[in-house]
Amino acid sequence: MESLSDNAIMEKVKSGQIDLLGLLYERYKKMLFGFYFHMNRDAALSEDLVQNTFVRVLKYREGFKGDGEFRTWLFRIARNVSHDHFRGDKWKNPEKLDDWNDKLGDPGQNPEEATAGQDELDMLQLALSRLDEDKREILILSKFRDMPYRQIGDILSCSEGTVKSKVFRALRALKQEFELVQSKM
Amino acid sequence: MKDLVEKYNQGIASEQEVRELERLIASGQLSISELAGESELLEKLAGLQSSEPSPQMDANFYAMLAKEKSRQSAPGLSFDLGKLWQQFPAFKWAYTLIILAVGFGIGLLLRGNDNSDVNELAGEVAEMKEMMMLTLLEKESTSDRLKAVNLTTDMPSVSTTVTSALIKTLNNDENVNVRLATLEALYPYAENPEVRSALISSIRNQESPLVQMAMAEMMVALQEKKSVEELEFLLRKESTPEEVKLKLEESIQILI
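Chains as they are written, first to last, in our numbering: chain W, 1 to 185; chain C, 186 to 441.
Next up, chain W with everything else stripped away, as it sits in the complex:
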């Protein structure tokens, strides 16, 4: 049970009780790690980016005004951290289908086995990684069940309607990529 709201804790961090940042870290470390991991598929890099995010939270704590939700502010920082890290075209290099052949199970071998479900998820991950960064990002954010479109809009600085529209387009793009991946494997 969370005893105090994120905003209340962040206010205390701002006032100098920086130990309390540990509480926010514990609440959000997995969510942030998941966000980065689905963006770049690199666990070590994702851990570094989580660390960089909290370094910035601490560094710019005075910038937290408390008029919005802490989580929105945190994910805005997280996006900036990843944009700064991948400044250039590193996000834009889509995963090559050939590189993934050996990562997926052999489709000719016992197709009824339970690995089939995992293979499908692997193919979905591959399809996701081949999307443009903005499409991948909005799908990953909308994957968090407790993050409403309104909040995603606050993070991306757009309206709720625009978020819905972008999610729809991203899902259409993902569907195409998923079908392509399935046909190649």
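If you are wondering where the hints come from, they were derived from the structure by calculation, not from laboratory data.
Treat the hints with care, since some could be wrong.
Unchecked claim - Derived PhoX-like pairs: lysine-lysine, alpha-carbon spacing no greater than 20 Å straight-line:
1. W:K29 with C:K187
2. W:K135 with C:K229
3. W:K143 with C:K229
4. C:K187 with C:K229
5. W:K59 with W:K12
6. C:K252 with W:K12
7. C:K252 with W:K14
8. W:K12 with C:K314
9. C:K252 with W:K59
10. W:K14 with C:K254
11. C:K254 with W:K59
12. C:K229 with W:K175
13. W:K14 with C:K192
14. W:K30 with W:K143
15. C:K192 with W:K175
16. C:K254 with W:K12
Since the model is a prediction, treat every value here as computed from it, not as a measurement.
Guided by the hints, dock chain C onto chain W, whose structure is given.
Using the frame of chain W, we list chain C on its own:
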């Protein structure tokens, strides 16, 4: 709208119809979950798992936090106070009184505040500090391990996990300063029979003269007669330096 959704789900909607669907979704008149393919994809996306972050991520975070905390606190203050106290002992009493008054004030405030949130928060902070301490204690850097040991001095009480980790450090840490700091950190918990027994057992494992002398002093302070046997063991050891032997003899005389 129903026909439009039907056509889309069958994959026969035109580009114009898809744009119309998008407009309906943006305006909130239609939910994405009504579109079969997209809804299914969203479900599958929710099933995508990321790997778990490693304990190293926690270690890095808490090391960063401890570093920032030590940077935040006034550098060199304790040394300056130490010098000041030596020159003007009255300052030490004044300082103690101020700290007592502040503590009393905070106590009154907390007693008046019957807010369970505050208690829960205090519990969470204590747990977090313990985790921070345990993580730092595993670090390679000596300064990190010293920070870890010093963190326990802020804790009003600690769990057996923490005291066990401190005892392990006292017995195994390669750095003398860390072992000395650990010994000091364990002193407040020496009333605990397990801690006391572990302290006594640790005496014969200590090779450093500084730690050996500190342990002898602590046993005297605790009036722990059971430690005499262990102190005598050190006294008989050829490798024990003469000045340590003097200290040991002196301590044994007080204890018996």
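Hint-by-hint comparison with the structure:
no., hint, in the structure
1, W:K29 with C:K187, "violated (42 Å)"
2, W:K135 with C:K229, "holds (16 Å)"
3, W:K143 with C:K229, "holds (10 Å)"
4, C:K187 with C:K229, "violated (25 Å)"
5, W:K59 with W:K12, "holds (15 Å)"
6, C:K252 with W:K12, "holds (18 Å)"
7, C:K252 with W:K14, "holds (17 Å)"
8, W:K12 with C:K314, "holds (16 Å)"
9, C:K252 with W:K59, "holds (13 Å)"
10, W:K14 with C:K254, "holds (13 Å)"
11, C:K254 with W:K59, "holds (12 Å)"
12, C:K229 with W:K175, "holds (11 Å)"
13, W:K14 with C:K192, "violated (54 Å)"
14, W:K30 with W:K143, "holds (14 Å)"
15, C:K192 with W:K175, "holds (17 Å)"
16, C:K254 with W:K12, "holds (14 Å)"
When each numbered hint is compared with the structure, violations occur for hints 1, 4 and 13.
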